[in-house]
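Student: Okay, here's what each chain looks like letter by letter:
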Amino acid sequence: MKEVNELILKDFRLEIRQRYAINGILLYVFSTIFVVQLCFGRIIDEKTWIALFWIILLFAAFNAVSKSFNQESSSRRLYYFTLASPLSVIISKMVYNTLLMLILGILSLGLFSVFMGMPPLYPWLFIPAFLLGSAGLASALTMVSAIASRSGNNAALMAILGFPIVLPLLLLLVKASQTSLKEVVEAGVILRLLSAIGLIDLVIVVLAVILFPYLWRD
Amino acid sequence: MESDKFFVVAIVMAIIFTGLAVYLFLLDRKLSRIEKKQSEMMEELKRKEQE
Amino acid sequence: MIKTMWWKFLGVFLVLYSIIAGLLIDVPALPVIHQTIRNLFYHVPMWFSMFFMLGTSLVFSVRYLSGFRMKDDLIASGAANTGLFMGSLGLLTGMIWARFTWGDFWTNDPQLNGAAVSMMAYLAYVVLRGSIDESAMRARISAVYNIFAFMLLVIFLGVLPRLADSSLHPGKGGNTSTMEGLDPLMRMVFYPAAIGWILIAFWLLQLHNRRRALVQGVKLNNQ
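Protein chains in written order, with the numbering used here: chain U, 10 to 227; chain R, 16 to 66; chain H, -9 to 213.
Check the hints yourself; a few may be wrong.
Listed below are the simulated EDC-like cross-link pairs for lysine to aspartate or glutamate, each with C-alpha atoms no more than 16 angstroms apart in a straight line [what the hints assert, rightly or not]: (1) H:Lys(-7) - R:Asp43; (2) U:Lys191 - U:Glu55; (3) U:Lys184 - H:Asp99; (4) H:Lys(-2) - R:Glu55; (5) U:Lys184 - U:Asp20; (6) U:Lys11 - U:Glu24; (7) R:Lys20 - H:Asp99.
Just a few of them, taken from the derived set where beta-carbon distance is under 10 angstroms, the chain U residues facing chain H [to be verified]: (8) Ile199; (9) Leu203; (10) Ala205.
FYI, nobody ran anything at the bench for these hints, they're computed from the structure. Positions of the beta carbon are idealized from the N, C-alpha and C atoms, including for glycine.
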């Protein structure tokens, strides 16, 4: 547990020290949303809003997370390998990326409501779905970026490998967001959607924990 | 049923599929022969090395 | 020869039976699809055999990670390739069938999307394999991706159709089994067809693996 904390702190410090990376992603989110605003104008129907929101967040996540194993060049990876267990490495990366993803998500929610207005989303469905979904997207992409980093590490490969993996989650999130457009959503429906998203999250985390040691060793 | 003449189509498709199956079968036999030859060659190599 | 090859003959026999019987039996008169319901005997077994191949690929990936034998990796990648082959046949035949019953080559249907995403994941698997040069590393990394992708596909195919409101494919939006409303006479043809095509797919897989084993010098001793 202490190891995990240390590793998260290390990632955080690295991010602060090399500010260009995080700034780049923030600027990316900002400019994409701005372009969307220029193209669509302020008036935009609710389904399009939801689709655009998740697509932009997905691409931002791809950009943000794909760097997470880039910094670990092979010699530095060898160094970590002797210091930390693979389990704490993957957990720390997933937690860190989830935090990053939440920041990005909240930022883009804010920008969306500034530029394009906010559709009336039912908060008791949308907020938990958003939190669970961000965590799931971040964890799945962390695992994919670990796979891509062991294979020549190009951005195209990350996208190719990542899309089929995150698609189930993305479709569920869009579905949950569209459902939350109603004024009141029944508890049963909320529970069903959230448990489906939670199930996918759980599977992703369990698989990542089991499989990551095979990626980490040489 | 008679006027449909479905059976003509059935015969044609059956012939095509049988042809493909026979082709697969011959391919399988040929592979077996090559596999046998390869394992014989490997054994011969091993024997030569031991000598 | 009969001892080792009986299942191949069985596969050929079952498929031949399904081709002939599938055209000759009387099918129930249905609106919209009419006689094209016979495609059930030819199109659907493609998907069945694809999923059997992908399942085989998963099993051998897991086996590779537990023992690191190159033989298992070879079979896993061969099964993924064979599965992709059967899947593309299923996709093509499905598109033609869809064009003449639903009016479009592509419809926004959960089952169709699920199939497309499975194909995408396994094409990505092939690309991933192509991008790593060292064979032990390639085997290990691609086995990890294979397991990860397969599990999420299972969820995708299991959960999403149930959440969708409607589907053009039968058996969705309520009952879970595709085969529930099937005419008993058609069952007599459909099940043998599916089993026959699965056996044929395994035959193709075996040929593929033996060829690759010969080229790469890997030993596959249990034929």
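Student: Does the structure break any of the earlier hints, and which numbers would those be?
Tutor: Hint check: 4, 5, 6, 7, 8, 9 fail, others pass.
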